[in-house]
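*Asks:* The residues making up each chain are set out below.
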Amino acid sequence: MRIRLNKRFIIQSAALAFLFFLGFFSSIICPRDPLKPGYSPGLTPPSPTFPMGTDQLGRDVFSWVLCGIRVAFYVGVTATLLCFAIALIVGAIAGFYGGIIDQILMRLTDLMMSIPRFVLIVVFAILFGSNINNLILIIGGLSWPRLARVIRGEVLSLKEREFVLSAKVIGCSDLDILFSEILPNTIPTILPLLSLQMAHSVIDEVGISFLGFGDPEVPSWGRLIALGRAAIFAGGWWVLIWPCIVCAIFLLLINLLADTLNDILNPRTQG
Amino acid sequence: MENENILLSVKDVKKYYIVKAGFLKKDTVRAVDGVSLNVHENTIHCIVGESGSGKSTLGRLMVGLEKPDAGAIYYRGEDLSKIRKIKEKWKTFRREVQMVFQNPYFSMNPRSTVKETLSKPFKVHKIKYDEADLERCLSEVGLTPPSYYINKYPHELSGGERQRISIARALTLKPRLIVLDEPTSQLDVSIKVQILDLLKKLQAEEKLSLVIISHELPFLKAFKGTISIMYNGIIVEEGTTDEIFNDPYHPYTIGLLNSILELNPEDAKEKGIFTLEGEPPSPINPPPGCRFHPRCPIAEPNCKTNTPQMIQITKNHKVACPIALKLFPNTTLESRTSIYKSQA
Amino acid sequence: MLRVEELDVVYKTGGAFIKAVEDAWLRINANECVGLIGESGSGKSTIANAILRVLPENAKITRGRILFKDRNLLELTEEEMREVRGKMISIVFQEPHSSLNPVLKIGDQILETLKSHQPNLTTEEAKRKAIELLEAVRIPDAQKILDRYPFQLSGGMAQRVAIALALSSNPSLLIADEPTSALDLTIQAQLVKLLTKLIDTFKFSILLITHDLSLVTNLANRVYVMYMGSIVEEDHVDNLLNNPLHPYTTMLINAVKRLQGTASPSNSIPELKRIRGLSACKFSPRCPLAKPICSKEAPPYVEISTNKKVRCWLYT
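Which chain is which? The protein sequence lines are H, P and X, in order.
Using the working numbering, the letters of the first sequence correspond one by one to residues 1 to 271.
Using the working numbering, the letters of the second sequence correspond one by one to residues 1 to 344.
Using the working numbering, the letters of the third sequence correspond one by one to residues 1 to 316.
Just chain H, same shape as in the assembly:
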């Protein structure tokens, strides 16, 4: 793949990689157990011992925010992979074979897109348990329709290209054509969308945890933000601000990277 190294890409990937390593090594770097209460008597403002202060129950905000990075990456990456797998199967088969199969798959896709997704996520979280892996399954399992549509569109347009017909005439099997001729040429369009999907998945999980339906065993930013909302009334702005800032930076980086990837892979012709 020819991703030309351009400055923006390097800076943005480096920043994201930095966050990734923070998350990866969080269990080692983390000074305290984020979910364990009692490190301080109660709401304490930021100080040298507690760089981001503590919440109402004496939990270390800094540790929570740090470990939250790992949660975000975990949810983002795995949910996106799941979503991609389903979207790929549905989109590629619908686009490649067309006919009745296409009709059925697309009506299924339409159906899923018509239901308010977030509501459904909440409902499923309540029904099937809010264990973090369940959440990933639910998020990934409900986010595929849009991506499937795009994949189908790409496959449809590439299917009639002459190099694909050429492969057919040589005697390539359908599967071979799909995987070696068509799909690699969809990467420029799909890759940026996958990055965006990662951001969406994280937002979904943060939202669920904020509402209180998330996994109680996991230091998600969402839950901390919910605590922060209550803490504000007692003057504890730090419980709200820090996770919001870090979460915002995280999402911003992903979105910027998606944009940069798009610009690199899909250069707009300039005359």
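Rather than coming from a laboratory, the hints here were simulated on the basis of the structure.
We put the beta carbon where it would ideally sit given N, CA and C, even for glycine.
Each hint should be verified, as a subset may be incorrect.
[Claimed, not checked] Reference excerpt, derived from the structure (chain X facing chain P, CB under 10 Å, subset only):
#1 LEU52
#2 PRO140
#3 LYS144
#4 ASN218
#5 ALA255
#6 GLN260
[Stated by the list, open to error] Now the stretches of chain P that chain H is said to cover, found in silico as 3 or more residues with beta-carbon under 8 Å:
#7 107-116
#8 120-133
#9 327-334
[What the hints assert, rightly or not] Dumping the calculated DSS-like pairs for lysine-lysine here, alpha-carbon to alpha-carbon at most 30 Å:
#10 X:LYS308 to P:LYS318
#11 P:LYS67 to H:LYS159
#12 X:LYS193 to X:LYS87
#13 H:LYS168 to P:LYS152
#14 X:LYS105 to X:LYS115
Given chain H, work out where chains P and X should sit, using these hints.
*Replies:* Below, chains P and X alone, put in the same frame as chain H:
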């Protein structure tokens, strides 16, 4: 040409497409509407037509990319629809019959190097190969030094070079028949000539058959072989290169030949050019009777109702126009053109 | 009427600067058809875009003058250019459907164009003029066509409408950029006949840009030959065919003769070798008559006789 040497035979083949035309209405596009022709071994067979003639569809039918709605295609005597069902035979067909496409910019996978593109046929048919084999293929089509080209991506090559690689790929498995769909229409004049020479050389050396589909009639004068003229989904005239260029019968063929712009306009003035009026009809609603009658200068009232049949003139020359057969035998091309101009 | 002098156009792509046109000198007089022949990448369309000043963002005219009726077009403001574009200089493109607005009826488009040039025209008068124009380009059933949409027309018909639109303002110059490349052989022949007639009736000049040498010889009086950004030869059409000077012109003519079957196979066409490094005369890597100086210094554009110029060390 004897029957034993027929490689590919198209018998009364029809191909229709259904398109939506407004709410609940469907139109039938009669892309190919009853075509029969034979491609012999070791020959060049050209199929000429303008847009809407169905020649590209015919090309795809011949290599098995599409299935005919009526009629049949025979390869070495066996019906393609039967060959399709037997895996071994189908693989053999796919090895022996190849196609080169029109657009050099889309005929190679943009993410594959030349090496990957050329080695694919070997991999698909599980034939051993090495780098020397690939380099030989490149040299055969005039891309030297091969080591320069082997690792290049399509966007690093010119249109002519890409087209040569398409031809090289078609040659890798030593096919018996190659169908070329407008192989040079997107290329510059100087490159056209190079490809023309290349095709002639390859055909003579490898003793394979070429089917060249093109709308560039003047280009085909240099090939010695058979020419079939297609109009609106059917073949209207067929003959050797010599017969078509010097002794054309069908009014459309004569019109086509007259449309060729001479390099030297002085020659044109001498010939007294005749311009064919009107447009090719849409393949959705072909005119009744003879499809060419709305534009035909020598049409008679019967032409509106009677669909003309192919009539043999000489061993290799046949035409689907009874009027032409009445008026033209033993006349020169110039006198036929003047008959046109007087009737137009 | 139109004089292009010393024109240089530079493109910026991916950090590198490419000279698409170098030292172009062109002249078009009133009432004549001038051909500009070149293969793909020769820069011929760039010259057309430069004349109309519709070059893309990343292209710049770095040198030269374009004098139209003694005014330098490069010095005009955008507003003044708008008076020129479409009114005094019109253009017809290769793809007929790209010059026509797909969501407007043909009649509406012609009326709109007519009224923008002559605001005092009533709808009745404009309609009559529209039908006149369509009949001038030999469109049958002109009245009916006014109500059709572009997609309902075939390529040949759409191109005729595009020509009608271009002529609606009575321009002095019509630039035709590959006007027949996308059309069938028989339709092309019809359009050649039409254009010849139109030049007589409407009395305008045509700059015919194409890669098809036969098209130029049948329509134009004089021709310019371009190769990789430079104009290499200029001559009258019949003279060019009988006495080509530049080796590229000779090669081009031979190639066409080979394709039409009127030349012997012994006239070999040199292979296009990948051009590595800068050689001063761009054609020298392929030139059978190249001399050592050709790769060191670019030849000047010299006049051999009236209306006959060449850019080649063989004649300097």
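*Asks:* Does each hint fit the structure? Answer for all of them.
*Replies:* Checked hints:
1. LEU52: Violated: closest Cβ of chain P sits about 25 Å from X:LEU52, beyond 10 Å.
2. PRO140: X:PRO140 check passes; min Cβ-Cβ to chain P is 9 Å, inside 10 Å.
3. LYS144: violated, 15 Å
4. ASN218: The hint holds - X:ASN218 has a Cβ within 10 Å of chain P, the shortest such distance being about 5 Å.
5. ALA255: holds, 5 Å
6. GLN260: holds, 5 Å
7. 107-116: holds (count 5)
8. 120-133: holds (count 4)
9. 327-334: Three-residue rule not met by the region 327-334 of chain P, so violated; n is 0.
10. X:LYS308 to P:LYS318: Violated: X:LYS308 and P:LYS318 sit about 50 Å apart, past 30 Å.
11. P:LYS67 to H:LYS159: holds, 17 Å
12. X:LYS193 to X:LYS87: holds, 24 Å
13. H:LYS168 to P:LYS152: holds, 23 Å
14. X:LYS105 to X:LYS115: holds, 15 Å
In this structure, the earlier hints numbered 1, 3, 9 and 10 are contradicted, and the remaining ones agree with it.
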